[in-house]
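If you want the building blocks of each chain, they are given just below.
There are 2 protein chains.
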Amino acid sequence: MKRILLTIAYDGTNYSGWQKQKDEAVITVEGELTKALRLLFRNPALECVGASRTDAGVHALGQRAVIDVETSIPAEKIPLAIRSFLPADIVVTKAEEVAETFHPRFDCVKKTYEYRFWNAPAKNPKERLYSAYVQKPLDVERMNEGAKAFLGTHDFAAFCAAGAQVSTTVRTIFDCHVEKQGESVRILVTGDGFLYNMVRILAGTLLAVGMGRLEPKAVAAIIAGKDRRAAGQTAEPQGLTLLEIFYDEKDLYEAAKN
Amino acid sequence: MKRILLTIAYDGTNYSGWQKQKDEAVITVEGELTKALRLLFRNPALECVGASRTDAGVHALGQRAVIDVETSIPAEKIPLAIRSFLPADIVVTKAEEVAETFHPRFDCVKKTYEYRFWNAPAKNPKERLYSAYVQKPLDVERMNEGAKAFLGTHDFAAFCAAGAQVSTTVRTIFDCHVEKQGESVRILVTGDGFLYNMVRILAGTLLAVGMGRLEPKAVAAIIAGKDRRAAGQTAEPQGLTLLEIFYDEKDLYEAAKN
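For the protein sequence lines, the chains are C and U, in the order given. For the first sequence, UniProt numbering assigns the number 1 to the initial residue and increments by one for each residue that follows. For the second sequence, UniProt numbering assigns the number 1 to the initial residue and increments by one for each residue that follows.
Where hints are given, some of them may not hold.
Since copy identity is lost for identical chains, a pair holds within one copy or between any two.
Derived DSSO-like pairs (lysine-lysine); straight-line CA-CA distance at most 30 Å [to be verified]:
| hint | residue 1 | residue 2 |
| --- | --- | --- |
| 1 | K148 | K20 |
| 2 | K217 | K77 |
| 3 | K250 | K226 |
| 4 | K123 | K180 |
| 5 | K123 | K2 |
| 6 | K180 | K136 |
| 7 | K180 | K2 |
| 8 | K20 | K217 |
| 9 | K94 | K226 |
| 10 | K77 | K20 |
| 11 | K123 | K77 |
| 12 | K250 | K180 |
| 13 | K22 | K257 |
| 14 | K94 | K35 |
| 15 | K136 | K94 |
Because the hints were derived from the structure by calculation, they are not lab data.
Turn these sequences into a full structure, and let the hints steer you where they fit.
Structure (structure tokens):
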């Protein structure tokens, strides 16, 4: 038996999120991927374990998942071999054999997300599925000033959707900055983990800063206050893309000793 | 009666091109726009005259069309007023009153198109509807060298799809260059007019140059030879976007004298 780590890219537009649902009428990325893997490996019981549960409409370029398979197909041939079993909006971009003790969720050391706004006098129909639209010109310098407050280890209770069950709302943010490229404004954020809707609430808060509705220095106070109602609105799902998940080489390739 | 010039952006993915067809079951951008304009202006006979006929799957950010209407709606309010009558993938981004003698096709002085490739080891599902995918790394410097051959006035018979009926295949190209932005490679081309499929054949030819299958200096010889078979393949429609159409201020705002 081999444990294979897959890297998966998808356009989340047509899916009810990553996670497979009991109701098979609900089309999910994990559900479609699992169907394809079962066909490729001729194993109707095969399951995959994903690294991150993305919401409906959210995209990924670097989602990860593992499968345990008995197969003679070399890992590096899997991306090409699975292509004909997958819809065009889901792509396995990489596959590699990893240690049998590797876990895509527990071994994650950091993740990078991108949140994208289309900031122009008129909507761009080519961006409608991949950006939130903002007509008022955003002040990117102000947004970058506000973004600094997220850096470091904080209790991010104010940036967690209600009803999420987590043991702790403390997370560490390693990088958070805003880039402008033409009419596209991108927030890039890297952390050791993210609470439910955290990146979208962070994006909604920086949006308020960029529009002048919130002072950059108010962001630190919102974090300290731990009150969800003080933070910005949850930004729309289509602007969000899971870019990359990072692991330690040791966890990936060396089996843990008991 | 006022003549109104509309600027239209659309995601061409779900349309059989711009031009309205006799068969109403064929969904086109012009067809959907005309339906929306008829509802907005309560005129079931209203027709619009477009500037450029884009093919199925081709996008536009700066398509133009004119309508003649009796209306009390100020031109600048039309983009917002029409929004609820249009699908999300068609946006009227601007509307302005122009001279009654203005014609969006005959008065065009130049047009800019973009052709986009996604050039990376793996496909990007978010780009699949907006770029042609190329796995092999493209040599953008070579492509720019080849692109120079298109500049100026030439007989572009080698860059015209068979069956096109035109009085002359001579066109003037004012600018043609290639830009790389991350894994996206864009060809930008501006000319006084383009033959049927000309930009897609030009893109397919520069693709062959970028992949090393064609010498940059061969492009001038292909143009001079006027043989369609010597040029590159017609690149896929989804990579193409009509960016902008340019007019003279005089034609736009001063009625021509007979």
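Results for each hint:
1. K148 / K20: neither (36 Å within a copy, 52 Å between copies)
2. K217 / K77: neither (51 Å within a copy, 38 Å between copies)
3. K250 / K226: neither (36 Å within a copy, 60 Å between copies)
4. K123 / K180: Both: 17 Å inside a chain and 25 Å across chains, each within 30 Å.
5. K123 / K2: between (48 Å within a copy, 26 Å between copies)
6. K180 / K136: both (14 Å within a copy, 29 Å between copies)
7. K180 / K2: Classified as neither: same-chain Cα gap 43 Å, cross-chain 39 Å, threshold 30 Å.
8. K20 / K217: neither (41 Å within a copy, 54 Å between copies)
9. K94 / K226: Close neither inside one copy (39 Å) nor across copies (44 Å); limit 30 Å.
10. K77 / K20: within (25 Å within a copy, 45 Å between copies)
11. K123 / K77: between (41 Å within a copy, 15 Å between copies)
12. K250 / K180: neither (36 Å within a copy, 36 Å between copies)
13. K22 / K257: neither (35 Å within a copy, 72 Å between copies)
14. K94 / K35: within (18 Å within a copy, 46 Å between copies)
15. K136 / K94: So K136 and K94 pass the 30 Å test across copies only (16 Å; inside, 40 Å).
Of the hints listed earlier, those the structure fails to meet are numbers 1, 2, 3, 7, 8, 9, 12 and 13, in rising order.
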